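Heads up: the sequence lines are chains Y and H, in that order.
Going by full-length UniProt numbering, the first residue of the first sequence is number 1, and it counts up by one from there.
Going by full-length UniProt numbering, the first residue of the second sequence is number 1, and it counts up by one from there.
Think of the hints as simulated: they come from the structure by calculation, not from any bench.
None of these values were measured; they are calculated from a predicted model.
One thing to keep in mind: the hints can contain errors.
Repeated chains share a single entry, so a pair holds when one copy, or any two copies, can fit it.
To be verified - List of simulated lysine-lysine pairs, DSSO-like, C-alpha gap at most 30 Å:
hint, residue 1, residue 2
1, K236, K147
2, K236, K128
3, K236, K171
4, K171, K128
5, K320, K171
6, K344, K229
7, K320, K229
8, K132, K320
9, K312, K234
10, K312, K171
11, K372, K312
12, K372, K147
13, K236, K372
14, K128, K372
15, K147, K344
16, K234, K372
There are 2 protein chains.
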Amino acid sequence: MATSLLRVAPPEELLRPLAVPERLLLGPGPSNVPRRIQAAGGRQLLGHMHPEVLQVMDEIKAGIQYAFQTRNRLTLAISGTGHCAMEAALFNLLEQGDTVLVAINGIWGQRAAEIARRLGANVYELLKPPGKYFTLQDIEQGLVQHKPLVLFITHGESSSGVLQPLEGLGKLCHRHGCLLLVDAVASLGGAPIFMDQQEIDVLYSGSQKVLNAPPGSAPISFSERAREKLLRRKTKPPSFYLDMGLLANYWGCDGEPRSSRDLLCPLCPQGLESSWERHRANCTQLCQGLLDMGLQLFVEEEARLPTITTVKVPEGYNWKDITAFLMDNHDIEIAGGLGPTVGKVLRIGLMGCNSTSGNVERVLGALQDALKRCHRSRL
Amino acid sequence: MATSLLRVAPPEELLRPLAVPERLLLGPGPSNVPRRIQAAGGRQLLGHMHPEVLQVMDEIKAGIQYAFQTRNRLTLAISGTGHCAMEAALFNLLEQGDTVLVAINGIWGQRAAEIARRLGANVYELLKPPGKYFTLQDIEQGLVQHKPLVLFITHGESSSGVLQPLEGLGKLCHRHGCLLLVDAVASLGGAPIFMDQQEIDVLYSGSQKVLNAPPGSAPISFSERAREKLLRRKTKPPSFYLDMGLLANYWGCDGEPRSSRDLLCPLCPQGLESSWERHRANCTQLCQGLLDMGLQLFVEEEARLPTITTVKVPEGYNWKDITAFLMDNHDIEIAGGLGPTVGKVLRIGLMGCNSTSGNVERVLGALQDALKRCHRSRL
Chain Y
1 MATSLLRVAP PEELLRPLAV PERLLLGPGP SNVPRRIQAA GGRQLLGHMH PEVLQVMDEI
61 KAGIQYAFQT RNRLTLAISG TGHCAMEAAL FNLLEQGDTV LVAINGIWGQ RAAEIARRLG
121 ANVYELLKPP GKYFTLQDIE QGLVQHKPLV LFITHGESSS GVLQPLEGLG KLCHRHGCLL
181 LVDAVASLGG APIFMDQQEI DVLYSGSQKV LNAPPGSAPI SFSERAREKL LRRKTKPPSF
241 YLDMGLLANY WGCDGEPRSS RDLLCPLCPQ GLESSWERHR ANCTQLCQGL LDMGLQLFVE
301 EEARLPTITT VKVPEGYNWK DITAFLMDNH DIEIAGGLGP TVGKVLRIGL MGCNSTSGNV
361 ERVLGALQDA LKRCHRSRL
Chain H
1 MATSLLRVAP PEELLRPLAV PERLLLGPGP SNVPRRIQAA GGRQLLGHMH PEVLQVMDEI
61 KAGIQYAFQT RNRLTLAISG TGHCAMEAAL FNLLEQGDTV LVAINGIWGQ RAAEIARRLG
121 ANVYELLKPP GKYFTLQDIE QGLVQHKPLV LFITHGESSS GVLQPLEGLG KLCHRHGCLL
181 LVDAVASLGG APIFMDQQEI DVLYSGSQKV LNAPPGSAPI SFSERAREKL LRRKTKPPSF
241 YLDMGLLANY WGCDGEPRSS RDLLCPLCPQ GLESSWERHR ANCTQLCQGL LDMGLQLFVE
301 EEARLPTITT VKVPEGYNWK DITAFLMDNH DIEIAGGLGP TVGKVLRIGL MGCNSTSGNV
361 ERVLGALQDA LKRCHRSRL
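Bound conformation, chain Y alone (with noise of 0.2 Å):
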């Protein structure tokens, strides 16, 4: 063409190929992708309907009900990060009005409960401080005086590092008429989740967590008792994306399966029960790391969740000279706190192919030469 139309100039950055450096993500996530997954990644792309994808969405299905440890129908992953699987979750189980009970002890459940209200629902709060978790007594207490419809609950509050204890929660929710929907984007394939026998009817995760994938695909499954509790809607989920009653449909014919099929895979090889076991131990040896060099656990032993440790900032220093430290000095990102922990924590992730025992070592290191070389104010 003679004379251009174009008014905005090509960036010329855009020129220049992409430098991507090698780090060891310990922080809440995302961890670190291992070789296989980064290898589907970089696979070309089949369509929606090719045979190969409809038998890798059987896959994927089979994967996540294993992950999940159940048997639902409704099962599937969501083209969307952990966030996403959140906003899907309450998007179908929640109409106007519907009341909803959320247990908040850190950043997930306040966000959980500002989504509740953008649908006009009818939102109780039952708070505990960060680093607390909540007793069967508490959630019957809130269940009795609020008579809820869904009780949301966070597994893995990756803000307070806290593992919330699960058993029996089901059972008393159904005792009073209540659907339990739990959040795991923190803690699936870290520690212990039974989907069915602890009778969970809304379940999620995210990828880029323990399960070493690039965020974008997101596990979920629905109870029958959930399932029922969506067909008896009366209203549609503002959301067509994430409508559960169109994506069960869908599913088998739509979808970029390939690195939602492998996000399954470090699981399978070595099992379930021996990824809890490993995450299990790598944290124990970190939190004696920590102790041994003097320094404060935030949550209390029984509800330290196995994936992300929260240490408290060592009185004197400023945490974000620490992070940086290990950033730049070491090649290991570590986070500070996240709402409710803000300025209280640093973070230590060890999900997936990050939690070995040599990254422990390595991240200890590193945080006794930080503490060495970093400012520190006088007391």
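With chain Y fixed as given, assemble chain H onto it according to the hints.
Here is chain H on its own, set in the frame of chain Y:
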């Protein structure tokens, strides 16, 4: 562990490596992914806040501004498909009771109307048969009659193969106090679009068409007029994940940018105008070849979408026999109709790196072969 608590066994299929056949994807999307973008998809992850990621996000923004020909500040990529971007546009633009006029000449207008209804908007439909486009007169009549706050229209209607002319439409809408929302999922990069000069208020696209990337990143941009409507909202959008107010803040500190960045690369070295010209030329060659075979095109010449060509199903043939024959014997995907065009047309996509003269010859040869060898009923 001595006795396993696991009741659901790991699926053995997931232990086998994934096999992905090489196919030429000449359907309405996804298109093939070139080696450079495949390689980007196989890279290690970085964290949301790493300096390289913030840099890459600025580059993505500049790339989208170039592809859209806009200087809008509120320009970013959503973590989802093009369909997810449609929801993001509608979720943010519309509030309960807002009047929206939806131009429907295929499935995407139908979908937008459906989502707007889920949001409680006051939806009016402006209808044309599939294969036809809207004139300024058609639109003006609708604007005068319904006084909408937003007009939705599809630039590249992939179900019918229509390219909607946009010249004068933005000015017309603004004269009537209406915002112009344009879906360019199937057209961006393959046909000229000038967001600022054409006074488009909200524009979005997807990644798996002309941009030749996996689905999962969707570019979107809002004009100042549109931004003001967002700021005037009385209620929050139902989704937190797609809340543009939050995304605008986050953008620069969230994301999985690897393939998003590289998805814009195909447009940069060659330039937008040469991409448009190449798509036009190869579409013309394809259409001529189809006519030479005695086939009939579904859309009149002035409104043909250069990325997806619709040809009437040849008399006496079952369209499924033809698409299956191409897949099985030539490793080429083409598609049947969608929504209102099911059973009426075959759809051939030539998008991004797939839009080459060689691929036109390949698909024409395969179609010749199919017409010879597929079953034909007596007429």
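Enumerated hints in conflict with the structure, sorted upward: 5, 6, 7, 9, 10, 12, 13, 14, 15, 16
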